[in-house]
Amino acid sequence: MRMKRFWTAAIVLALVVAMVATTAGCSGGMSKGSAIKGKTVVTFWHAMSGPHEAALKKIVADFNKANEKYIEVQLVYQGSYGDLSTKLTAALASGTPPTMAQQYENWTAAYIDAKALVPIQTFIDNPNYGMKKEELEDIYKVFRDQNTWDGKIWTMPMNKSTNVLFVNTDLVKKIPTTWDEFRTTAKSLSKIDPDPKKSVYGFGYRANVDQFGFLLKQNGGDWLDKDGKAAFNSQAGIDALQFLLDMTEEKSAYRIATGYESDLFGPGQIAMYEGSIAGISFVDNLSKGKHGWTVAKMPKGKAEASTVMGTNVGIFAKAKPAEQEAAWRFIKYLVSAEPQAYWAQQTGYTPVAQSATKTKTWQDMVAQKPYWNAIADQLKVSTIDPRLSTWDKARSEISGAVEKAVLKKATAKEALDAAAAKVNEILGKK
Amino acid sequence: MAPDAQSAAGATTQAVALPAQPRRKGRKRSEAGGRLSPLALGAIYLALGIGAFIMLIPFIWMIVTSLKPMNEVTVFPPKWIWWPIHWHNYVDAWRTAPFGRYFFNSIVVAVVSTVLEVITCAMAAYAFARMNFFGKNTLFMLLLGSIMVPGEVLLVPNFITLVRLSWIDTYWALIIPWIVSVFGIFFMRQAFLQLPNELFDAGKIDGCGTFRFLWRVVLPLSKPVVTTVALFKFIGSWNSFLWVLIVTNTPNMRTIPVGLTYFSTEVGTTYNLLMAASAFSMLPILVLFFLAQKQFIQGIARTGLK
Numbered sequence: 001m002r003m004k005r006f007w008t009a010a011i012v013l014a015l016v017v018a019m020v021a022t023t024a025g026c027s028g029g030m031s032k033g034s035a036i037k038g039k040t041v042v043t044f045w046h047a048m049s050g051p052h053e054a055a056l057k058k059i060v061a062d063f064n065k066a067n068e069k070y071i072e073v074q075l076v077y078q079g080s081y082g083d084l085s086t087k088l089t090a091a092l093a094s095g096t097p098p099t100m101a102q103q104y105e106n107w108t109a110a111y112i113d114a115k116a117l118v119p120i121q122t123f124i125d126n127p128n129y130g131m132k133k134e135e136l137e138d139i140y141k142v143f144r145d146q147n148t149w150d151g152k153i154w155t156m157p158m159n160k161s162t163n164v165l166f167v168n169t170d171l172v173k174k175i176p177t178t179w180d181e182f183r184t185t186a187k188s189l190s191k192i193d194p195d196p197k198k199s200v201y202g203f204g205y206r207a208n209v210d211q212f213g214f215l216l217k218q219n220g221g222d223w224l225d226k227d228g229k230a231a232f233n234s235q236a237g238i239d240a241l242q243f244l245l246d247m248t249e250e251k252s253a254y255r256i257a258t259g260y261e262s263d264l265f266g267p268g269q270i271a272m273y274e275g276s277i278a279g280i281s282f283v284d285n286l287s288k289g290k291h292g293w294t295v296a297k298m299p300k301g302k303a304e305a306s307t308v309m310g311t312n313v314g315i316f317a318k319a320k321p322a323e324q325e326a327a328w329r330f331i332k333y334l335v336s337a338e339p340q341a342y343w344a345q346q347t348g349y350t351p352v353a354q355s356a357t358k359t360k361t362w363q364d365m366v367a368q369k370p371y372w373n374a375i376a377d378q379l380k381v382s383t384i385d386p387r388l389s390t391w392d393k394a395r396s397e398i399s400g401a402v403e404k405a406v407l408k409k410a411t412a413k414e415a416l417d418a419a420a421a422k423v424n425e426i427l428g429k430k
Numbered sequence: 001m002a003p004d005a006q007s008a009a010g011a012t013t014q015a016v017a018l019p020a021q022p023r024r025k026g027r028k029r030s031e032a033g034g035r036l037s038p039l040a041l042g043a044i045y046l047a048l049g050i051g052a053f054i055m056l057i058p059f060i061w062m063i064v065t066s067l068k069p070m071n072e073v074t075v076f077p078p079k080w081i082w083w084p085i086h087w088h089n090y091v092d093a094w095r096t097a098p099f100g101r102y103f104f105n106s107i108v109v110a111v112v113s114t115v116l117e118v119i120t121c122a123m124a125a126y127a128f129a130r131m132n133f134f135g136k137n138t139l140f141m142l143l144l145g146s147i148m149v150p151g152e153v154l155l156v157p158n159f160i161t162l163v164r165l166s167w168i169d170t171y172w173a174l175i176i177p178w179i180v181s182v183f184g185i186f187f188m189r190q191a192f193l194q195l196p197n198e199l200f201d202a203g204k205i206d207g208c209g210t211f212r213f214l215w216r217v218v219l220p221l222s223k224p225v226v227t228t229v230a231l232f233k234f235i236g237s238w239n240s241f242l243w244v245l246i247v248t249n250t251p252n253m254r255t256i257p258v259g260l261t262y263f264s265t266e267v268g269t270t271y272n273l274l275m276a277a278s279a280f281s282m283l284p285i286l287v288l289f290f291l292a293q294k295q296f297i298q299g300i301a302r303t304g305l306k
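In order, the protein sequence lines correspond to chains A and B.
Residue numbers for the first sequence follow the numbering used here, so the first one is 1 and each next one is one higher.
Residue numbers for the second sequence follow the numbering used here, so the first one is 1 and each next one is one higher.
So that you can see chain B by itself, here it is in the shape it has in the complex:
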């Protein structure tokens, strides 16, 4: 499976690169020999289709398993189709843990921390990219250096800090420590650096203040970057497990990944229910991804200058 997937992935990248070429040549397209032949186009779609299918297999596998009875789950070679379909697994999975509450918490935590992180990162990134102050580079290096500290090392000290703040088992503990991300700052800074200087000069001449400039000009122009940072954050927050478990004590404060552990014990895992729960717990991520996809594809920052 693995080599297949790799070569298909390679084919996909190539296939993606191909149609982009004529476009890059812009208006000269007709001179350059016109469109791709139907055969080439067919080959591209085929390669893309195979790539997409391979990417989809784990998801199909998840759905298939989630609809099986337990005694079919580990049968090898696996059956892809069988009867009757066990829709009830979804109900059973939902009832295994307080998933309603977990969903609510996951959404609150992910949304709030994503919004706050985008704000803090944008401000910090702007300062690092466009402002001059004493020790700027040293500070930035320190910030980058902090990426190298593994999370496990920080777990206990962070926990103790939260205990001192009496934040254990509150939303504060789930959100506040996660509203700054060095990766986000770095990523946004690089994007802001690429914006043309003329924009900043124009802003200054028109008497636009720093904040206003950031919110009204820089961020709208960096939509793809903001979307990327936000999406990473959202997914990270959605999947976050150990931190949530450590800083909460009641089911009321926990999130979906904690719910997913209910299906495993040291002697066995209830695979079909686990897959059902995984399926419904990734729905919001899926929806979000489709909504944000446009921004990804629009990828190239429009400079706003002609």
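Just chain A, with the same shape it has in the complex:
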């Protein structure tokens, strides 16, 4: 019985292989200088779920339809970013990576060291199907920088977001633009009830590396100095953390212990929070019928600043030349104006190409949601976080330090100094 089933399976498999082989053999190439002969199937591993996945599927479907004869991109959902990373590690170790995959910069750094990637620059420079200078420069500089190592672009920005200020417009009458206004507004909105569950706070935050990072950069500080040593325990960093501690002390800010900020923002327990623009669909769902909301630029300290986050897409060296080229053609399409405008509209991720803001899709969206102008504007002052393969470890150290300070187990200076020492150790800068 089992044997019989095995043979049935084997015959079916053989037929499928034969079919694929014949289709692959019968048509011609794609264009001059192209390695693509016949239909090339490429796999794209991603971690997009929910509305994000739906939008990505549509973009891929459009691309596949337009290139029906030559290229088919197959999307493979691989769980959360953590799961995707584990899976990529296993796949690279066994020599079976996909053609392309989403990746954070610190993974990319490790993949480059392991010689697992082909630099995207190779394809950008290709005279037949590369990118013109103006096409490349259409991509926001912050994103190009983020994907460049040793003067070469290795990956392309994909689902990028920037941090913005979420505001409950029923409570906040005038959107704060500076730290001082921000603190006064938050203080005036906080209503502390003897029953902590009924209290409303002006500002809600999670005591982690991200929240500290916003303040650090707005205060003119940075994570590392020129030599790559920890610099976040500078006076700018200490003052930034102290600002958060002071607001917490005067009860205008509330530390969210677990869960997402939007979980408290929706029911109106916090009036403002700073977080990823990619969260707007959740904010919208949770706030519906409760209160109005909008997003604004992050309040400015000594400097106007925000961070960009999200992953990029890279092509693996293990793929055949035709597959690599097909993947590149898809990526080139993905970062072009129309798909980017659609992507932003559907997901809340920021477009990576400036020309996306010239499309009708974008104009229509901005007409309804004017805050998108502020977001596009903020991208120009956004900066990137370190892209070292060890940065994840450093991040958890810093998160630990921020939490320690907020829970009053150490002063801002003590916590940051201790974290800086550990981070230097992690980064090998002692």
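Possibly wrong hints are sitting among the right ones.
Only pairs whose alpha carbons sit at most 27 Å apart, straight line, appear in this in silico DSSO-like list of lysine-lysine [to be verified]:
1) B/Lys79 <-> A/Lys290
2) A/Lys290 <-> A/Lys141
3) A/Lys141 <-> A/Lys69
4) A/Lys360 <-> A/Lys393
5) B/Lys79 <-> A/Lys197
6) A/Lys198 <-> B/Lys79
7) A/Lys226 <-> A/Lys413
8) B/Lys79 <-> A/Lys191
9) A/Lys413 <-> A/Lys251
10) A/Lys332 <-> A/Lys58
11) B/Lys204 <-> A/Lys288
12) A/Lys288 <-> A/Lys332
13) A/Lys320 <-> A/Lys65
14) A/Lys369 <-> A/Lys380
15) A/Lys360 <-> A/Lys380
No lab work stands behind these hints, which were simulated from the structure alone.
From a predicted model like this one, the values you see are computed outputs, not experimental measurements.
Position chain B against the provided structure of chain A, taking the given hints into account.
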């Protein structure tokens, strides 16, 4: 909540222990003072009832959340009753991912791996419990030692092995690596050791072979143990996530836990749909548990000797 739950759980254990006492004394019950007074009995039921209710709260919470609109989900203090009920969440959740296929796969994988595991574990446990061979104890110690190796360490090497076997994205990968469990072997071995020697002697005298003896005598007498091992296995297989995700690439080969991740992103979770999906994905486990419950309660192995 936590201290309450603990004390209630304590009360429950005590309450369970109480009625068992007269029974243990067997036929002497009447001499020992008869039944519990209605008051004591009432107290026991009350304590048990409270314990059961506390255990149920997470499930009630899940059902309640699954029927709310999204904008009610995180409201605090939570509302337990509201109108209208959002039955449609279940439809939406079902449509979020190919759950029909996921259910099919989960059932196939869980059933097949449970059956195979019970077979392999019973055979190995029998050998360790009742047979003598060279290096038996060393081998058993090695086996137990393997429990201490964390799964994460084995993930990548196991993956590479499966790639070499070309098993990636097949049922083989989902089932075969999981059909032996050291815990199962250990658990069954302990049970087999407790069976009286007379049984084995009787079997031998009647000319019963080892295999026949295992299937016809030992296993039927160890039903509660087998049920426990099988149930653990089934639940483990049903909940298994990372392995499934790692060794499969197409939705066709994936199982329910993978489907549940579709409701979360790094910026938010669609709680009401997630709870709806959790509710329907645990139904089979619930049914199975009720079916197997009898075996648990019958717990005490009947030796078959008078």
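Out of the numbered hints, which ones does the structure contradict? 2, 3, 4, 11 and 12
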